[in-house]
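Colleague: With the hints as constraints, model all of the structure from the sequences given.
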Amino acid sequence: MTWERLEPRMVAVSLTWLLPPLGSTLLTLLLTGGDLNLAAVITLGAIVLTFVVIAAVFAVRLATTRFRLDGDRVELRSGLLLRRHRTVPRDRIRSVDVTATPIHQLLGLRVVRINPGVQAGAGRREVVLDGVGVARAESLRRLLDPGDAAPDTALAVLTWRWLRYAPLSVWGVAGVGVVVGGFFRLLDSLRINPADVGFLRDIWSGLTGMPLWAAIVLPVLIVLGLGALTSLSTFVEGWWGYRLEVTGDAIDVRRGLFSTRSVWLDRARLRGVQISEPHPLRWARGARLNAIAIGLGTSEDRSTSNRSALLPPAPRSEAFRVTAGILQEEPDLLYGLKLTGAPRAALRRRLSWGLGGVLLLEAPLVLLGALLTDVLLHIAWISAAVLVPLAIAGAVDAYRNLGSGLHGNYLVTRYGTYNRRTVLLDRAGILGWSIDQSVFQRRAGIATFVAMVGAGRGGYKIRDVAVADGLALASAATPGMLDELLGVP
Amino acid sequence: MLAGVKAPRNRLDRRAVRWWIVQALVVATPPVAVLALLTALIAPARTWLGLSLAITGALAVAYVVVMPWWRYRVHRWEVTDDAVYALSGWWWQRRRITPMARIQTVDTASGPIQRLFGLAGLVVTTASAAGPVHIQGLDRSLAAELAQTLATRAQAIPGDGQ
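Chains A and B, in that order, are what the protein sequence lines are.
Once you know that position 440 of the first sequence is 440 in full-length UniProt numbering, the rest is easy, because the numbers rise by one and skip nothing.
Once you know that position 43 of the second sequence is 43 in full-length UniProt numbering, the rest is easy, because the numbers rise by one and skip nothing.
Derived by calculation from the structure, the hints in this document are not laboratory data.
Any given hint could turn out to be false.
Here are some of the chain B residues that sit facing chain A, going by a computed Cβ distance under 7 Å [claimed, not checked]:
| no. | residue |
| --- | --- |
| 1 | V5 |
| 2 | Q93 |
| 3 | R95 |
| 4 | R96 |
| 5 | P99 |
| 6 | A127 |
| 7 | S128 |
Ranges between beta-carbon positions, derived for each pair [stated by the list, open to error]:
| no. | chain 1 | residue 1 | chain 2 | residue 2 | range |
| --- | --- | --- | --- | --- | --- |
| 8 | B | A43 | A | I42 | 33 to 43 Å |
| 9 | B | Q155 | A | A284 | 46 to 56 Å |
| 10 | B | G50 | A | D374 | 25 to 35 Å |
| 11 | A | G225 | B | I42 | 46 to 56 Å |
| 12 | A | L371 | B | G50 | 14 to 24 Å |
| 13 | A | D374 | B | L51 | 20 to 30 Å |
| 14 | A | A472 | B | N10 | 22 to 32 Å |
| 15 | B | Q155 | A | G71 | 20 to 30 Å |
| 16 | A | I103 | B | G118 | 52 to 62 Å |
| 17 | B | I42 | A | V366 | 22 to 32 Å |
| 18 | A | A154 | B | P31 | 52 to 62 Å |
Some chain A residues judged to face chain B by a derived CB distance under 10 Å, without partners named [what the hints assert, rightly or not]:
| no. | residue |
| --- | --- |
| 19 | V57 |
| 20 | T208 |
| 21 | R316 |
| 22 | S438 |
| 23 | V439 |
| 24 | D483 |
| 25 | L486 |
A virtual CB, placed ideally from N, CA and C, is assigned to each residue, including glycine.
Modeller: Okay, here's the thing in structure tokens:
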């Protein structure tokens, strides 16, 4: 086969690296009214230079990249001075994703990611073909994807009523914080005093003119509103056109509005699923669903572009139904789920963590308060009055969420305070066990059992289970694996 | 000890205690030395610096004296026909059991201090991303021999190649 190149149109994408310096220069000129001091000029110059270098490197890499498909492997060559040659055997490919940023879409281009999976001791070694024509991307995907059967009906498609779960994600609020923080850091690095910026001064004088309660409640409402709006638009962008298909031995997820993501997964790589119910979502009886599969990363990766996500935030019943479908089990798989709770010692541990944390926080306040000023003492007791009940509630919630058991072919563990996670692991995929104990756990007769798997986080914990129960559960899940430990000859 | 659980059969080499003492000294000396220097040089803050020096010093001494022996009492290992079983740690203890069929690679590895005492560690990797099983502080020739044995045994058992 001949070597192929990336589309020359990609040069336009490398030019987008020049947008941030242009934007920051324009913004500075706008904010200062065209009056730049030396520090600002140096900062802007540095920014421009950095991005010009990045754009140049990007363009060189683009021009030197070649790839080809041989009978049994994919090869990629790139670099001008430092030449790299990568080869991935085709039978090792674990997933093929086709994505596109808005700019790629505008130019009719796609990014093809060929993932050879996680290798022990090495980082992720993806082969990325950034800048392939739409038709070629689709044909690559079909060529490299062994499960090329006729599509069955979709297991799940987007339902717009799920949109109501979107604002229940806290990432939106955090996103607003990041943007505001970044804005002020930019002003700082450009040596611009926020008080000199017209609209900020107006906002400030507006706030100080209001009664105290309004000056507190209004910004909180605005931040929450903006946060919800961010979450909503992230949801729409990320899950537009969502479609989950199970065809033969493959699972196929497509989604995304501007940036389309498409994840293809061989079922042989699936080791289980994780259902997460963070608090606001749990109140609304909603849940998220992630695959635990070789080569897909963990559910803790960034939630917006998470490759292991199988379902948007959706009703829990929907997550249950899709779980059963993915695992090819009876639809009521999760309804009969019975988990054994943890012993009381686990509650005591969580209470002492929570209260210990509060104590660590309060101790310096009380100490300094006694030495210096009564104000600190007042802050101490007021904050304790809020934090102690919070810590207790968190500990009780964490304790009640603890659970573990066997359910058919799956080992199930549930844990978490704010975010309750239920993990179903295929028993056949367990590679080994780790039994961890601190001095305190030893004294309380409990231990944390970790089931090692070759996917997701690598190890899934059954926290603070009574030692005898844990041993019984582990040996029932993986018969014979604990023989050395139990002294079985 | 864990009720109803058998500990692995073998202890480490006694030289491991000395290795851990040296390692603990390497970790604990710099903060104590820096604090001592500051206490000597900065007269106005001598009370506070001296206090933190005393606390840090006591912790460091306790670490150097207690940790190596505690570890030596805990650490154990065993290699059977079916599995590798290792117990390690001191305050936090961890026992790891890995079936022979799931072993992907076996290496020996030793840092400079460990080599100084003629010791080496065994590193047993599986497909799990949660990290390999380490058996540190073995006699160097024993570690090499074990690595050989494990490699042949793991190869003899049909693995699942995940």
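Colleague: Hints first: check each against the structure and report whether it holds.
Modeller: We went through each hint and held it up to the structure:
no. : hint                          : in the structure
1   : V5                            : holds, 5 Å
2   : Q93                           : holds, 5 Å
3   : R95                           : holds, 5 Å
4   : R96                           : holds, 5 Å
5   : P99                           : holds, 6 Å
6   : A127                          : holds, 3 Å
7   : S128                          : holds, 4 Å
8   : B:A43 <-> A:I42: 33 to 43 Å   : holds, 41 Å
9   : B:Q155 <-> A:A284: 46 to 56 Å : holds, 53 Å
10  : B:G50 <-> A:D374: 25 to 35 Å  : holds, 29 Å
11  : A:G225 <-> B:I42: 46 to 56 Å  : holds, 52 Å
12  : A:L371 <-> B:G50: 14 to 24 Å  : holds, 18 Å
13  : A:D374 <-> B:L51: 20 to 30 Å  : holds, 25 Å
14  : A:A472 <-> B:N10: 22 to 32 Å  : holds, 27 Å
15  : B:Q155 <-> A:G71: 20 to 30 Å  : holds, 28 Å
16  : A:I103 <-> B:G118: 52 to 62 Å : holds, 60 Å
17  : B:I42 <-> A:V366: 22 to 32 Å  : holds, 27 Å
18  : A:A154 <-> B:P31: 52 to 62 Å  : holds, 59 Å
19  : V57                           : violated, 31 Å
20  : T208                          : violated, 40 Å
21  : R316                          : violated, 28 Å
22  : S438                          : holds, 5 Å
23  : V439                          : holds, 6 Å
24  : D483                          : holds, 7 Å
25  : L486                          : holds, 7 Å
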